[in-house]
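Chemist: Produce the entire structure from the sequences given, and follow the hints as far as they go.
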Amino acid sequence: MNSVVLVVDDELQIRRFLKISLESNGYTVHEVDNGEDAITKAAFLRPDYIILDIGLPDIDGIEVLRRLREWSKTPVIMLSVRDTDRDKIAALDSGADDYLTKPFSVDELMARLRVAQRHIQPTPDAAIFTAGDMQVDLARRIVTSKGEQVKLTPTEYALLRLLIQHAGKVLTHRQILREIWGAEYENETHYLRVYFAQLRLKLESDPARPKLIITEPGVGYRLVAP
Amino acid sequence: MDDVLRTAVTQIGRGFDAEVAVLLPKNGKLTTDIHPHSTLKLEERDFNVTQWVFEKGKPAGRFTDTSPNASAQFLPLTTSNRTLGVIGIRTHQTARLPFDQQALLETFVNQVALVVERELLDEAAEQSAMLKESERLYTTLLNSISHELRTPIAAITGASSLLLNPHTQGGENARLELTRDIQHAAERLNRLVANLLDMSRLDAGRLKLKQEWCDVSDVIGVAVKRVEKDFAHRQLIIDYAPDLPLVQMDFVLMEQVIVNLLDNACAYTPPETSVKISAGIADKSLLISITDSGRGIPPQDLERIFDKFYRVPGTVTGGTGLGLSICRGLVEAHGGTLSAANMPEGGACFIIRLPVNDTPPPVQEAAL
Numbered sequence: 001m002n003s004v005v006l007v008v009d010d011e012l013q014i015r016r017f018l019k020i021s022l023e024s025n026g027y028t029v030h031e032v033d034n035g036e037d038a039i040t041k042a043a044f045l046r047p048d049y050i051i052l053d054i055g056l057p058d059i060d061g062i063e064v065l066r067r068l069r070e071w072s073k074t075p076v077i078m079l080s081v082r083d084t085d086r087d088k089i090a091a092l093d094s095g096a097d098d099y100l101t102k103p104f105s106v107d108e109l110m111a112r113l114r115v116a117q118r119h120i121q122p123t124p125d126a127a128i129f130t131a132g133d134m135q136v137d138l139a140r141r142i143v144t145s146k147g148e149q150v151k152l153t154p155t156e157y158a159l160l161r162l163l164i165q166h167a168g169k170v171l172t173h174r175q176i177l178r179e180i181w182g183a184e185y186e187n188e189t190h191y192l193r194v195y196f197a198q199l200r201l202k203l204e205s206d207p208a209r210p211k212l213i214i215t216e217p218g219v220g221y222r223l224v225a226p
Numbered sequence: 001m002d003d004v005l006r007t008a009v010t011q012i013g014r015g016f017d018a019e020v021a022v023l024l025p026k027n028g029k030l031t032t033d034i035h036p037h038s039t040l041k042l043e044e045r046d047f048n049v050t051q052w053v054f055e056k057g058k059p060a061g062r063f064t065d066t067s068p069n070a071s072a073q074f075l076p077l078t079t080s081n082r083t084l085g086v087i088g089i090r091t092h093q094t095a096r097l098p099f100d101q102q103a104l105l106e107t108f109v110n111q112v113a114l115v116v117e118r119e120l121l122d123e124a125a126e127q128s129a130m131l132k133e134s135e136r137l138y139t140t141l142l143n144s145i146s147h148e149l150r151t152p153i154a155a156i157t158g159a160s161s162l163l164l165n166p167h168t169q170g171g172e173n174a175r176l177e178l179t180r181d182i183q184h185a186a187e188r189l190n191r192l193v194a195n196l197l198d199m200s201r202l203d204a205g206r207l208k209l210k211q212e213w214c215d216v217s218d219v220i221g222v223a224v225k226r227v228e229k230d231f232a233h234r235q236l237i238i239d240y241a242p243d244l245p246l247v248q249m250d251f252v253l254m255e256q257v258i259v260n261l262l263d264n265a266c267a268y269t270p271p272e273t274s275v276k277i278s279a280g281i282a283d284k285s286l287l288i289s290i291t292d293s294g295r296g297i298p299p300q301d302l303e304r305i306f307d308k309f310y311r312v313p314g315t316v317t318g319g320t321g322l323g324l325s326i327c328r329g330l331v332e333a334h335g336g337t338l339s340a341a342n343m344p345e346g347g348a349c350f351i352i353r354l355p356v357n358d359t360p361p362p363v364q365e366a367a368l
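Those protein sequences? They're chains A and B, same order as listed.
Using the working numbering, the first residue of the first sequence is number 1, and each one after it goes up by one.
Using the working numbering, the first residue of the second sequence is number 1, and each one after it goes up by one.
A few of these clues could be false.
[Stated by the list, open to error] Heads up, simulated DSS-like pairs for lysine-lysine below, C-alpha to C-alpha not over 27 Å straight-line:
#1 A/Lys102 x B/Lys208
#2 B/Lys276 x A/Lys211
#3 B/Lys229 x A/Lys211
#4 A/Lys202 x B/Lys58
#5 B/Lys225 x A/Lys146
#6 B/Lys225 x A/Lys102
#7 B/Lys276 x A/Lys202
No lab work stands behind these hints, which were simulated from the structure alone.
Modeler: Right, dumping it as structure tokens:
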């Protein structure tokens with residue numbers, strides 16, 4: 001059976017573009033054009049994914065997301081026309097799985113949906129994670145790059161493991177700092193600058209052009225999906 | 001204006017052995033704000049008197065018939081047709097000034113009033129000149145934007161009408177090309193809007209920097225990734241010292257400056273020539289330079305290219321003339337400089353210089 005996507009956007013042209021591209025990729029699409037209907041429809045329809053615009057006419061998209069998150073874990077991808085870090089961070093910290101800035105391409109959207117799908121259907125024995133030249137044996141805590149073992153400090157390894165658990169998804173600076181260092185360190189972004197530079201030196205084949213650990217400017221980091 | 005008032009306060013103070021206060025109205029109303037160059041402090045009870053002097057244009061206060069218990073003598077700063085402010089004088093004597101001294105003081109105050117009036121007129125003229133200049137910029141902006149908007153809109157309108165027309169010849173290939181034209185036009189519009197937003201934020205002084213400790217190589221890496229497509233057929237050399245320290249900057253804005261400069265290097269140099277980006281620390285500054293291997297910039301234009309809407313004569317169309325001006329604005333907002341130079345071996349070089357005043361705070365291993 002096709003996966004069901006609920007599209008929430010007040011612009012007819014955007015909904016049409018999303019409907020055509022999602023349907024041609026095998027999804028079943030339902031549409032609403034405001035926040036109230038989005039919440040009702042999500043409860044009634046139980047979609048597999050929700051694509052939610054931040055700028056809705058009645059309730060702010062972020063608020064819709066917060067209300068959804070009170071009872072639902074359905075993956076939500078937020079759309080925004082404003083390319084500001086604040087919107088993105090607010091969306092991610094409020095429980096969005098990802099975001100896209102308009103204008104975006106169909107390919108980008110499908111990639112985000114695939115990542116979201118992987119996170120709701122985790123493979124049970126994913127003890128080995130592979131991306132590019134890097135392989136991580138999570139059971140034995142062994143990291144190799146181009147077949148050679150790489151020594152990581154405990155902090156570096158913890159960061160890498162966190163990114164692997166959320167591979168393909170953006171993690172905000174705050175989310176990473178809270179998770180690894182603790183809540184009282186959530187503003188120490190320079191920790192991340194230092195540790196991610198070190199990780200790249202050890203793992204990327206060309207640290208000047210990283211292919212594994214992607215910086216999302218002003219927002220956070222993303223590990224490429226395997 | 002400040003200089004005029006400072007001189008007046010010192011001169012009157014010295015000439016009459018007195019402390020002096022100047023009050024000028026704001027938006028036509030006299031408040032209790034004393035001009036900062038004043039040497040005399042006023043008391044609460046004096047402000048009724050200053051108000052009265054300002055409204056009536058007549059002297060009052062100490063040693064006069066009106067409110068003689070005020071702490072000082074207050075004289076209006078009047079010209080032939082209006083009162084510009086109030087001046088307060090407290091001599092160190094216990095009696096009124098001798099007649100000739102008082103007359104001299106009044107003459108002096110009248111002189112000050114004349115100078116203040118001239119200053120006010122100059123300021124007004126300057127403001128109206130600024131207004132005219134901003135109107136001129138506004139018109140230039142509108143002209144330039146309408147042109148920049150119309151070109152891609154024309155492309156979209158043309159291509160989409162051809163796509164909709166059943167008689168359009170050329171088959172699948174033509175369809176593909178027209179669709180691609182629409183896409184390019186839309187991308188161009190999107191870039192223009194981004195530029196305009198940046199410009200307006202810079203102009204309004206509303207730009208808030210999010211200064212953080214940044215890994216310079218990361219900033220460059222993200223910028224390089226964003227221009228990847230443009231560099232598909234040319235070499236982009238990245239060259240920086242491996243031990244660059246963290247430097248404070250707004251990651252997103254600085255990345256954008258670098259992207260704009262790399263974009264420019266692509267747009268204004270022959271295809272398949274190489275571009276180099278390097279970074280290093282020198283003289284307490286971070287230097288990021290973007291060097292191309294094109295024809296360079298005419299020497300007389302090296303500074304003018306940073307002016308809004310200025311474009312070097314004879315360059316390819318497609319730019320807004322805003323990019324470099326935005327870049328410079330963003331770098332200057334960081335307390336840095338952006339300059340252009342020609343390389344002795346040919347090619348242009350843009351240099352971002354950011355001050356490095358601090359060392360980053362220490363970093364801790366996580367307690368795991």
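Chemist: Each hint should be assessed against the structure and marked as holding or not.
Modeler: Tested hints:
1. A distance of roughly 23 Å separates the Cα atoms of A/Lys102 and B/Lys208; the hinted pair therefore holds under the 27 Å criterion.
2. With a C-alpha separation of about 20 Å, the suggested pair B/Lys276 and A/Lys211 falls inside the 27 Å cut-off, and the hint holds.
3. Distance hint between B/Lys229 and A/Lys211 is fulfilled; the C-alpha atoms sit about 15 Å from each other, no more than 27 Å.
4. The suggested pairing of A/Lys202 with B/Lys58 is violated, with an alpha-carbon distance near 82 Å, which exceeds 27 Å.
5. Proposed proximity of B/Lys225 and A/Lys146 is supported: the alpha carbons are some 23 Å apart, at most 27 Å.
6. Note on B/Lys225 and A/Lys102: the hinted pairing holds, with a Cα-Cα distance of about 19 Å set against a maximum of 27 Å.
7. Pair hint B/Lys276 plus A/Lys202 holds up; C-alpha atoms about 25 Å apart against a cutoff of 27 Å.
Violated hint for the displayed structure: number 4, the only one.
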